[in-house]
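Chemist: Please work from the sequences and hints to get the whole structure.
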Amino acid sequence: MDSWSRVLRREWFAYVALSLAVVVIVLPLFVAVVGSTHDSGTIGRGRMPLWFGQHAGENYVQAWTMGARYGGAGVQRLIVNSSIMAFTIAAGKVLLTVLTAYAVVFFRFPLRNFFFWTVMITVMLPLEVRMFQTYKLVSDFRLLNSFAGLTLPWIVSTTGTLLLRQHLRALSRDLLDAAKIDGAGPMRCLWSVVIPAIRPNIAALFVILFLYGWNQYLWPLLVTTRGDMETVAMGLVKMLGGPEAATEWGVVLASAVLTIIVPVCVVIFMQRYLVQAFAETEK
Amino acid sequence: MEERAVFKNKLLPYLLIAPQIILTGLWFIYPAVVASYQSLFRSDPLGIRTTFVGVQNYTRLFSDPRFFSSLRVTLVFAVSVTVLSMFIGLFLASMADKPLRGRKVYRTLLLLPYALAPAVTAVLWRFLLAPRIGIIARFLGDIGIRWDYRLDGVQALFLVILVAVWQRIAYNFIFYLAALQSMPRSVIEAARLDGAGSKRTFWSVVFPILSPTTFFLLIMNIVYSLFEGFGIIHALTQGGPAGATEILVYRLYVDGMIYQNINRSAAQSVVLLVFVVLLTALQFRWVDRRVHYG
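Residue numbers (the numbering used here), protein chains in the order written: chain C, 1 to 283; chain R, 1001 to 1294.
Read the hints as simulated data drawn from the structure, not as lab findings. Every residue gets a Cβ at the ideal spot worked out from N, C-alpha and C, and that includes glycine. One should not assume that every hint holds.
[To be verified] These stretches of chain R come out as covered by chain C in the derived footprint (C-beta under 8 Å, 3 or more residues): (1) 1007-1014; (2) 1028-1034; (3) 1094-1105; (4) 1173-1183; (5) 1260-1273.
[Unchecked claim] Simulated pairs of lysine to aspartate or glutamate, EDC-like, Cα-Cα distance not exceeding 20 Å: (6) R:K1008 to C:D182; (7) R:K1098 to R:E1189; (8) R:K1104 to C:E11; (9) R:K1199 to C:E11; (10) R:K1008 to C:D140; (11) R:K1010 to C:E11; (12) R:K1098 to C:E11; (13) R:K1199 to R:E1189; (14) R:K1199 to R:D1097; (15) C:K136 to R:D1044; (16) R:K1008 to C:D177.
Modeler: Here it is, written out as structure tokens:
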């Protein structure tokens, strides 16, 4: 690579453009962190300075343990709930997707294509077009305010099935034939030949699905009525409830910062998987 | 090419797909069927009697000016978010594709909004732009702009578009960047040798090669605006003021949740369903083509 100054001289426009973009992207996050260190009274009077204040301790303690006064559970609770929800959704989706893709690629059976397209069709049925009907079903099963109700309706993945089907098709069949000759049955082949071979793809899929589950908003809003079942995004917005002048911005922002840490860490440390999964979905 | 079966089991494949098929039927297909069915009926306010009314829920919907205003808002929102976020995403990706130092840091920072839920993004921006409180709102006040998105419909729509674009740039950026980086350098260098300037090289050589990515992103962004816009609008404006930010999904939610009119909201579900089916049909056609030639 060239020296700093030569790259800078040649590509100054790119540096300026990217730096500007980074400022715009980081600004709301930075201001949220600053806001979380001021007391809500100062913020409410419109006097917040653009630098850190003295009230971080009390804001974060209140956010972590009890949340804001007018609604929303403590962040502690929100993070536990969202972790359970996101993990269950991602793990469930990956498991069922692997099984489906395995059956569709390595077996021949009547109605195989019909079943494959049944799964594909769900991409046309986002929650938003069937929210009240799905809600009714969950409520009839008495699953409101439960993790089963939060997660079960999500454990189906069109993209995942499509992706893994492609990876399995690309897998060498000789590998499976060899295992068969060694006396391995279909489940044994799945477990000790197929899954190890596509482990990186599964990891990438898991990361994307985890973020997806973590960021759910409308569904938890519908099926949770008890504070102790709230999840991060909806819990955070609930903290803005009550009279606008009384919004405890310091606590709300501390909560926002705390709940953002998890997905931000995923993006920073699992970026390789994310980018890989993106590159695959498009194909 | 049809591959041969590796295993000959008769029952096992059904057991393998059963969980996913059962969940799909129960949570996806059944509710969608119920919604279509409900859209043909009307219940009295107490929900005691239900009568078949044919397409009357639809004809009422299509003669309701509120529906058309909601359709217009949806269109403005979806087109603005899609065009702006794709254009900016492509621009930034082409900048980040250059041999810069610190490229990884730029990439990570620009990718951050992808990690956030739309509603959380809305909370962050609400803090910046809350009238009289937010730092940008205060700045706007200082330079003489009366900023209050709770009263001004145009400002409200501008705000929700701004928030959606801010969040969506990350997604477009990373897809375009991946496409650019997998592009053969020789193509670009050949164009350069033919004397094309860098702007011309980009629009006449690079951009056409990116067209599958552009098409994919086009559909993904429209679907995002149609549905994920809900979180932003619910957290910021609740569809207001006076319906200025009421996209179709939000109106459907309000009709079912607040007015408890399940039949009217079911008719809207079906209308939205038609939109999604059209969009995904387009996308699947494209997937097919890729499978053939790719």
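Chemist: All hints, please: hold or fail.
Modeler: Now for the hints, and whether the structure bears them out:
{"no.": "1", "hint": "1007-1014", "verdict": "holds (count 6)"}
{"no.": "2", "hint": "1028-1034", "verdict": "holds (count 6)"}
{"no.": "3", "hint": "1094-1105", "verdict": "holds (count 6)"}
{"no.": "4", "hint": "1173-1183", "verdict": "holds (count 5)"}
{"no.": "5", "hint": "1260-1273", "verdict": "holds (count 7)"}
{"no.": "6", "hint": "R:K1008 to C:D182", "verdict": "16 Å, holds"}
{"no.": "7", "hint": "R:K1098 to R:E1189", "verdict": "14 Å, holds"}
{"no.": "8", "hint": "R:K1104 to C:E11", "verdict": "16 Å, holds"}
{"no.": "9", "hint": "R:K1199 to C:E11", "verdict": "15 Å, holds"}
{"no.": "10", "hint": "R:K1008 to C:D140", "verdict": "40 Å, violated"}
{"no.": "11", "hint": "R:K1010 to C:E11", "verdict": "62 Å, violated"}
{"no.": "12", "hint": "R:K1098 to C:E11", "verdict": "8 Å, holds"}
{"no.": "13", "hint": "R:K1199 to R:E1189", "verdict": "13 Å, holds"}
{"no.": "14", "hint": "R:K1199 to R:D1097", "verdict": "15 Å, holds"}
{"no.": "15", "hint": "C:K136 to R:D1044", "verdict": "18 Å, holds"}
{"no.": "16", "hint": "R:K1008 to C:D177", "verdict": "12 Å, holds"}
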